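Undergrad: If you read the sequences in order, they're chains V and A. Take the first sequence: its position 423, counted from the start at 1, is 423 in the working numbering, and no numbers get skipped. Take the second sequence: its position 126, counted from the start at 1, is 594 in the working numbering, and no numbers get skipped.
You may find that some hints are simply not true.
To be verified - Result set (DMTMM-like, lysine to aspartate or glutamate): computed pairs, CA atoms no more than 25 Å apart in a straight line: (1) V:K50 / A:D665; (2) A:K499 / V:E422; (3) A:K499 / V:D17; (4) V:K264 / V:D242; (5) V:K163 / A:E643; (6) V:K367 / V:E405; (7) V:K50 / A:D655; (8) A:K471 / V:E45; (9) V:K50 / A:E657; (10) V:K42 / A:E562; (11) A:K503 / V:E74; (12) V:K163 / A:E609; (13) A:K499 / A:E523; (14) V:K8 / V:D257; (15) A:K653 / V:D17; (16) A:K499 / V:D242; (17) V:K318 / A:D598; (18) A:K668 / V:E74; (19) V:K163 / A:E592; (20) V:K42 / A:D665.
In short, the hints are calculated from the structure, not lab data. Remember, it's a predicted structure, so these values are computed and weren't measured experimentally.
The primary structure of each chain is shown beneath.
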Amino acid sequence: MGQTIFEKLWNEHTVSDLGDNTYLLYIDRIFIHERTGSIALKGLEAAGRKVRNPEQAFACMDHIVDTFPGRTDETRVPGGSAFITTTREAANAAGITVFDLGDDRQGIVHVVAPEQGISLPGVTLVCPDSHTCTQGALGALAWGIGSTEAEHALATKTLVVKKPNTMRVDFDGELGFGITAKDMILHMIGEHSASGGGGYAMELAGSAVRNLPMEGRFTLCNMAVEFGAWTGIIAPDETTFDYVQGRPFAPQEHLWDQALAHWKSLPSDADATFDKEIDIDCEKITPQITWGTSPQHETGIDGVVPDPADEADANRRKSIERALEYMDLTPGMPLEGIPIDAAFIGSCTNSRLSDLRGVAKILDGRKVAEGVKAICVPGSSQVKKAAESEGLDKIFKAAGFEWRESGCSMCFFAGGESFGLEERVVTSTNRNFENRQGPRTRSHLASPTTVAASAIKGCLTDVRKLEK
Amino acid sequence: MEKFVELTAIAAPLLRINVDTDAIIPSREMKRVSKQGLGDGLFAGWRYSTPGSREENADFVLNQAPYRHARILLSGMNFGCGSSREHAVWALHEWGIRCIIAPSFGAIFYGNCVLNGILPVVLENSIVEDLARQVETNPKENNITINLERCIVTAPDNSRIEFEIAPADREMLMEGLDAIAATMKRDDEILAFQARDRLKRPWIYL
Numbered sequence: 001m002g003q004t005i006f007e008k009l010w011n012e013h014t015v016s017d018l019g020d021n022t023y024l025l026y027i028d029r030i031f032i033h034e035r036t037g038s039i040a041l042k043g044l045e046a047a048g049r050k051v052r053n054p055e056q057a058f059a060c061m062d063h064i065v066d067t068f069p070g071r072t073d074e075t076r077v078p079g080g081s082a083f084i085t086t087t088r089e090a091a092n093a094a095g096i097t098v099f100d101l102g103d104d105r106q107g108i109v110h111v112v113a114p115e116q117g118i119s120l121p122g123v124t125l126v127c128p129d130s131h132t133c134t135q136g137a138l139g140a141l142a143w144g145i146g147s148t149e150a151e152h153a154l155a156t157k158t159l160v161v162k163k164p165n166t167m168r169v170d171f172d173g174e175l176g177f178g179i180t181a182k183d184m185i186l187h188m189i190g191e192h193s194a195s196g197g198g199g200y201a202m203e204l205a206g207s208a209v210r211n212l213p214m215e216g217r218f219t220l221c222n223m224a225v226e227f228g229a230w231t232g233i234i235a236p237d238e239t240t241f242d243y244v245q246g247r248p249f250a251p252q253e254h255l256w257d258q259a260l261a262h263w264k265s266l267p268s269d270a271d272a273t274f275d276k277e278i279d280i281d282c283e284k285i286t287p288q289i290t291w292g293t294s295p296q297h298e299t300g301i302d303g304v305v306p307d308p309a310d311e312a313d314a315n316r317r318k319s320i321e322r323a324l325e326y327m328d329l330t331p332g333m334p335l336e337g338i339p340i341d342a343a344f345i346g347s348c349t350n351s352r353l354s355d356l357r358g359v360a361k362i363l364d365g366r367k368v369a370e371g372v373k374a375i376c377v378p379g380s381s382q383v384k385k386a387a388e389s390e391g392l393d394k395i396f397k398a399a400g401f402e403w404r405e406s407g408c409s410m411c412f413f414a415g416g417e418s419f420g421l422e423e424r425v426v427t428s429t430n431r432n433f434e435n436r437q438g439p440r441t442r443s444h445l446a447s448p449t450t451v452a453a454s455a456i457k458g459c460l461t462d463v464r465k466l467e468k
Numbered sequence: 469m470e471k472f473v474e475l476t477a478i479a480a481p482l483l484r485i486n487v488d489t490d491a492i493i494p495s496r497e498m499k500r501v502s503k504q505g506l507g508d509g510l511f512a513g514w515r516y517s518t519p520g521s522r523e524e525n526a527d528f529v530l531n532q533a534p535y536r537h538a539r540i541l542l543s544g545m546n547f548g549c550g551s552s553r554e555h556a557v558w559a560l561h562e563w564g565i566r567c568i569i570a571p572s573f574g575a576i577f578y579g580n581c582v583l584n585g586i587l588p589v590v591l592e593n594s595i596v597e598d599l600a601r602q603v604e605t606n607p608k609e610n611n612i613t614i615n616l617e618r619c620i621v622t623a624p625d626n627s628r629i630e631f632e633i634a635p636a637d638r639e640m641l642m643e644g645l646d647a648i649a650a651t652m653k654r655d656d657e658i659l660a661f662q663a664r665d666r667l668k669r670p671w672i673y674l
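Isolated chain V (complex conformation) (with noise of 0.2 Å):
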């Protein structure tokens, strides 16, 4: 019988079969960030224990450092600047190379390891961060771990892992005009819920998925964790090894060649199974909005916000009830048109040069809507050289958005810079949490492409209708 990708990766990667479905796992490569790595390091220090081959471990400056211009190691963070010096100091002891704040290779951990090379297909990574999933969208086994998980990783290069259960999503049909790898996966969320991932390894499949580009592809895996999936995959084809030659840290020459004849062997053979499939028509997906407190809280731009009474579930009722509360929204109330403060691109979901482009093809020769506070983080420093390049970043600022140094930046609050208290803000980011941009900041997840026809009207907008 055939094999998925994952069941190619994880036998090739295994160490050791430990029984009863647990593994040894090698891992290729490990990245940490300033926010969960810094106390990995400190672990490995305080137990007297090395990290086995640094040159395979890098760390990144992105989730708490300012990206206000001629940012320094002080940090908005009450006692962030510590996180920043403390990861410093033990990645530079322990040999790890640092993407640090100066360095033209800085940027949000998901961004940059593509972005360098890093990470590539068939590779194991692991990151103490949730969003490390997205970097499957390279055909990669990449997940988010904790810390102590991240300890073991860099002191053994390995981790004991339980095997996940299999699934697959066809993605099938044309995406509609405007429409975005954003829309794809909010909208799978909302049909299938935050945990209908059920912690399954999932490949993303389908003719639509065929036909993104890399960036969409990121997108998409970015949020295989907010679906409740172990982690997301894309089988790598000529669109993944396009993308990944001549990147700095990428095989080069014969490495080249060899590693590529072996990523041509790694998509799931035509005969092989899953142990869960489901069928996503993306002819039917329109521009996606959440409207609630968890990513499953989402319909498209021209629906209108659920009634409670609708929801036979009881919990489900309860939490929709509570959502709706936090947002200040009522049953039956259409989504379009509901005013908003704020504006935010950023975040590893989607702050890369294709996802600037699209916004600056919207901002161009318009203005945002006064009182709407509007801000674009690009996802590292190399997406925001390139699109200062092409001039995208005199279309943001002549727009009125803020043009930033790149980060996590307010994607997440922590305590130093954030919306303000109940505030209404579009964004291209994964979280609609409670209290997850600022105090009782309301959170509206959506494409870029969105949030700036958003930020343009004023209120939460349909980017079909100002397109044409």
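We have chain V already, so just place chain A on it with the hints.
TA: Quick look at chain A alone, frame taken from chain V:
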């Protein structure tokens, strides 16, 4: 790591679905590079009445008299979803929680629990709700017992419910193992793997 074999304690019902790790420990409460000092920030957004304050919200379950001594948490499906921050588990542990019973857990959170002496127990939602009903009639006296050796939860009405846990996780919790030390014993296997792999996939070795 502290061992978990058996626990009899007060259980606090927090029957919400999709309780995320941002809710368990808001990022703003992670003030130092440390696993300590996090208990005070546990559920800060719900436990305290206004953002940033320490004024208790009387409606929140852990602020109510008997539940202040809870060692067990009952919750809805997908508990611990979201961010990988292990601080969520460290905060729960410091506050006093040693066992969480829910219909399902976020995968990273589940793993973090097992590595920090907190037992995650998966039971059907209807059973969790029944346990909560029993507890609520007399929270101080109606304790729940969890025996990890036999994988049995004993409800206040003395009914016994079996649960499943991966043998490796059970051993980790019962023995309080140091996972790194355990893996280090297999170092020969790891080095042999690396030597073979280096020939097979040389491009991996930067």
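Undergrad: Each hint should be assessed against the structure and marked as holding or not.
TA: The hints, checked one at a time:
no. : hint            : verdict
1   : V:K50 / A:D665  : holds (22 Å)
2   : A:K499 / V:E422 : holds (24 Å)
3   : A:K499 / V:D17  : violated (40 Å)
4   : V:K264 / V:D242 : holds (13 Å)
5   : V:K163 / A:E643 : holds (22 Å)
6   : V:K367 / V:E405 : holds (22 Å)
7   : V:K50 / A:D655  : holds (14 Å)
8   : A:K471 / V:E45  : holds (24 Å)
9   : V:K50 / A:E657  : holds (18 Å)
10  : V:K42 / A:E562  : holds (19 Å)
11  : A:K503 / V:E74  : holds (22 Å)
12  : V:K163 / A:E609 : violated (40 Å)
13  : A:K499 / A:E523 : holds (19 Å)
14  : V:K8 / V:D257   : holds (20 Å)
15  : A:K653 / V:D17  : holds (14 Å)
16  : A:K499 / V:D242 : violated (42 Å)
17  : V:K318 / A:D598 : holds (17 Å)
18  : A:K668 / V:E74  : violated (45 Å)
19  : V:K163 / A:E592 : holds (22 Å)
20  : V:K42 / A:D665  : violated (30 Å)
Comparing the model with each numbered hint stated earlier shows that hints 3, 12, 16, 18 and 20 do not hold.
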